[in-house]
Amino acid sequence: MPRPLRPRHISGALPLLAAIAAPPATAATEETQAWITESLTIAATPADSISLDLSQRFRRDSSNGEQQTARILLDHRIANGLQIGGGFAFFHSGPEQELRLFQQATVTRGIFLARTRIEQRFFDTADGASWRLRQRVQASLPLGSPKAPVLIAAAELFFHLNRARPGDKTGVAAMRQQIGLRQPLGRSLDAQLLYMRQQSVRDSAPDAVVHVPWLTLNWKI
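Throughout the sequence shown, residue numbering follows mature numbering (1 follows the signal peptide of the UniProt record, and there is no 0), covering -27 to -1, 1 to 194 in sequence.
Treat the hints as calculated values from the structure; they're not laboratory data.
What you are looking at is a predicted structure, and each value in this text was computed from that prediction instead of being measured.
For every residue, glycine included, the Cβ atom is placed at its ideal position computed from N, Cα and C.
Hints are supplied without guarantee of correctness; some may be wrong.
What the hints assert, rightly or not - So the derived label-pair ranges between C-beta atoms look like this:
no., residue 1, residue 2, range
1, E39, L106, 35 to 41 Å
2, L134, L188, 17 to 23 Å
3, D176, N53, 40 to 46 Å
4, P179, I57, 37 to 43 Å
5, R82, T143, 30 to 36 Å
6, R33, P119, 36 to 42 Å
7, F61, T18, 37 to 43 Å
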């Protein structure tokens, strides 16, 4: 009997999911954090959406202690599968505060998403802006009916484009791998639980790895 074929989008997604989920070699210094995010997305027009989110990041004192974040984003669809947007965010921790402006373009095709983001980061410990480029790719694989979980796998690279402080580095600064599930809880609410591995690249010391269980509640209106 012929072997049944997988749907094409699932067959194409499996190699990407495996590559994203496979972590690189273990670095010398590691720690564990926990992040919680509450997100609200408002459909302002058929082509425009506004997103607001708050996050609490529970970190060690050696990693600048706990951090709270607030972010607002406006996205505009300019073509089928293409959005451009921008916004600002505020990051608060004990030793350092950050105001961040950002602009981004997001391309979606089927279960795949690619996002390019440019950030201007203003720290109260630096005189000028720190510019950063972020490139993210993601696959969202439905596991059944619309009420069933969705498997999420993503990878993201961070590039520092300048030195706002003498000790800053340029080039590849960090990389993230994420894998987890998004579960619909109703018509406008879902919960997402991810494991994230973040590796920060350091020139004069071993790379630093952070393991993060990350819970997000998403509400859409």
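Taking the hints in turn, this is what the structure says about them:
Remark: the range hint 35 to 41 Å for E39 to L106 is contradicted by a beta-carbon distance near 27 Å. Between L134 and L188, the C-beta spacing of about 32 Å breaks the proposed range 17 to 23 Å. About 43 Å separates the C-beta atoms of D176 and N53, a value consistent with the hinted range of 40 to 46 Å. Look at P179 against I57: about 38 Å separates their beta carbons, and that is inside 37 to 43 Å.
Our hint of 30 to 36 Å for R82 and T143 holds, since their Cβ atoms are close to 32 Å apart. Between R33 and P119 the beta carbon distance is about 40 Å. The supplied range of 36 to 42 Å therefore holds. Taken as a hint, the range 37 to 43 Å is violated for the pair F61 and T18, whose Cβ atoms sit roughly 21 Å apart.
This entry does not satisfy hints 1, 2, 7, going by the numbered hints stated previously.
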